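Q: Spelled out from the first residue to the last, the chains are:
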Amino acid sequence: MSATTTDIAVPKRPSVFALVLRDPAAAVAAAFVVAVILAAVFAPWLAPTDPYDNDLAKAMQPPGSEGLPLGADTQGRNMITRLLFGLRVTLLMGVAAVAAGGTLGAVLGFIAAFYRRLDGVIMRLMDVLLSFPAILFGLAIAAIFGPGLFSVVLALSIATVPLMARIVRGAALVVMQQDYIEAARAQGMSDARLIRRHLAPNCLSPIFVFATLRFGQVILLGSALSFLGLGAQPPIAELGAMASEGRNFLFFAPHIAVIPSLVIFAVVLAFNVLGDALRDALDPRLRV
Amino acid sequence: MLRHAVQRLLMAVPVMLGVLLVGFLLMQVVPTDPATVRAGPTATPDVIAAIRADLGLDRPLWEQFGLYLWRLLHGDLGVSIINNVPVTQELGATIGPTLELMFASLIWSIPLGIAMGTVAAYWRGSLLDRAITAFTVAGGSIPVFFLGLVLIWYVGFKWQMLPFTGRLGPLWTWEGFQAVILPALTLGGVFVGPVARMTRTAVLDVMGADHVRTARAKGLTERRVVTRHGLRNALIPVVTLIGLQIGFLLGGAVVTETVFSWPGVGRLAVGAILSSDFPMAQGTIIVLSMGFIVINLCVDLLYAALDPRIRHG
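Protein sequence lines, in the order shown, are assigned to chains H and F.
Take the first sequence: its position 78, counted from the start at 1, is 78 in the numbering used here, and no numbers get skipped.
Quick note: to get the numbering used here, add 288 to the position in the second sequence (first position is 1).
None of these hints come from the bench; they were simulated from the model.
This one's a predicted model, so the numbers in the text were calculated from it and none came from an experiment.
Treat the hints with caution; some may be incorrect.
[Claimed, not checked] Facing chain H, a subset of chain F residues (Cβ under 10 Å, in silico):
| no. | residue |
| --- | --- |
| 1 | P302 |
| 2 | Y356 |
| 3 | W358 |
| 4 | A422 |
| 5 | V425 |
| 6 | A426 |
| 7 | G428 |
| 8 | L529 |
| 9 | L532 |
| 10 | F566 |
| 11 | Q570 |
| 12 | T572 |
[Said to hold, decoys possible] Chain F regions said to be covered by chain H (calculated; three or more residues, Cβ under 8 Å):
| no. | region |
| --- | --- |
| 13 | 303 to 310 |
| 14 | 435 to 445 |
| 15 | 467 to 474 |
| 16 | 553 to 563 |
Glycine included, every Cβ here is placed at the ideal spot set by N, Cα and C.
Just need the whole structure built from these sequences, with the hints factored in.
A: Here it is as structure tokens:
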């Protein structure tokens, strides 16, 4: 092997993954997020009992009772089981809303950046959507379709569209200035292919950061709507709905409302910390 | 300035009309016929038909929309299906408490947030900065209802220090003041974090600017540099961002009102939706949306007044 070609020391850029994990808080958050996702996915196998298996004799048993390390809820259902399944529904709600709203928003953002003629129309529309708080969409959609998980996911998706559209449009406008876009155009590449092959892949990091941060917010909003009774309906186990059920028994059995609330808090916190760390790692310019 | 204000006002009109249209269509898609509901379960078909004609439900949709706007302009939003009270009457009784709650929440959380953000930015990277940053992240992650339930459990129930259900009177009476404390702590509590975070970023931006270096170079005291040259300029983006966060506050208000049984618009809206009281639900949603558009408009005008670059730009 000749020494001249291989010995030049090129400083290896650390991966985003390594950069994020360098921050201890972010590492803990990442580990927690992974654990939470695994717990939600494997809930049916991890749960000690059936989520709808009620035993009124055990209703409102405090944490630490026999066979019930976290106690039982108002129907005597095992809190651990309810939490695992609740996590599943809550996370699924978040995934559905961020995926649906994020995808539509991203497509609109790309179109606005790529076809400048449509930019004004799309972004004005996004401004209008953006000027209403998510909770209002939640109220209006629950009024039309009736309370339920579908209404919550729809409302949160709609509230996510303009935010994602703005982020993607901003990122795409920067990429559109690059020479390689010009080069690809000169090659005679079709618009769809250009967006798919060159524009979209170069906008992925802000999309990813936003999706992570948005996921936390969506869970927070969704569980609030469920807490109000506009989201998941009993007997479905959903963290916000569980907190709402426990609310009426706060003084006799605080654990029924407090434990699910704490889980929501922890999950949202983890996603926020992770999102912040991702943003710092992917875009050092944003670091303050 | 005037031109900018007029422009913004004109832009708000189509949005308002859009909201009203959505509100109107909301009533068209719900599965209940208002005439049947109003007539009661024992009404004969011709009574229902008479009520339909009376309400204008037999006319074309666009005519109904016109009628609806006309009634709206005269303060008629229909009658509650549940208790037959005019929607405007209920709304009139609940808007005050909601505004009171928002005011009581903002009055302490905005100054505290601005102070925390300024301190964090000034001693950037210090332990204090990190503590404040951690607090703001945690504050942005806590469910409003959780904060409310914890305050009810400890302060209200265990320590018996403050009332925690309902509104006991106007804000300026002793009972009313006591009753608003816990809800205001809850709603303001989730607002401190975002305000501190925005202020920190804005102050950091400004403190690196040339005019701050000039102020230092001419020998001003550090305190004067921070308050007069740093914070003052940082407040422009902070005001806008706080304004844009009002929606966030409104969402929190809906939850806070429910947790504390506070007789506001948010609680009225949730109750109306849960009991399928469509006219009431429609009225509350319209009022909340309109309030929101007006707040946005005010923030925008305030921003232009604070920053001459906007109104001329």
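Q: All the hints need checking, so say for each whether the structure fits it.
A: Going through the hints against the structure:
Evaluation of the P302 of chain F hint against chain H yields a held restraint, the C-beta minimum of about 9 Å falling below 10 Å. With its C-beta approaching chain H no nearer than about 16 Å, Y356 of chain F sits outside the 10 Å limit, and its interface hint is violated. Below 10 Å, beta-carbon pairs count as interface contacts, and W358 of chain F has none with chain H, the closest being about 23 Å; its hint is therefore violated. Because the smallest distance between the Cβ of A422 of chain F and any Cβ of chain H comes to about 8 Å, under 10 Å, the interface hint for this residue holds.
The interface hint given for V425 of chain F is met, as the beta carbon of that residue sits about 6 Å from the closest beta carbon of chain H, less than 10 Å. The restraint placing A426 of chain F at the interface with chain H holds, with a minimum CB-CB distance near 6 Å, inside the 10 Å limit. Because the smallest distance between the Cβ of G428 of chain F and any Cβ of chain H comes to about 6 Å, under 10 Å, the interface hint for this residue holds. Contact between L529 of chain F and chain H, as hinted, is not supported at the beta carbon level, the nearest pair being about 14 Å apart and thus beyond 10 Å.
Against a cut-off of 10 Å between C-beta atoms, the interface hint on L532 of chain F holds, since the closest Cβ of chain H lies about 9 Å away. A cut of 10 Å between beta carbons decides the hint on F566 of chain F: the least distance to chain H is about 7 Å, and the hint holds. Annotation: interface hint on Q570 of chain F holds; nearest CB of chain H at approximately 7 Å, less than 10 Å. Restraint check, T572 of chain F versus chain H: the minimum CB separation of about 8 Å is within 10 Å; hint holds.
Only residues whose beta carbon comes within less than 8 Å of a beta carbon in chain H count, and the region 303 to 310 of chain F has 3; three or more means the coverage holds. Figure legend: the region 435 to 445 of chain F, annotated as covered by chain H; annotation consistent (5 residues with Cβ-Cβ distances under 8 Å, at least 3 required). For a cut-off of 8 Å, the count of residues in the region 467 to 474 of chain F with a CB near a CB of chain H stands at 0, and the three-residue condition is violated. Counting residues of the region 553 to 563 of chain F whose beta-carbon sits less than 8 Å from any beta-carbon of chain H gives 5, enough to reach three: the coverage restraint holds.
Against the hints set out earlier in the document, violations occur for numbers 2, 3, 8 and 15.
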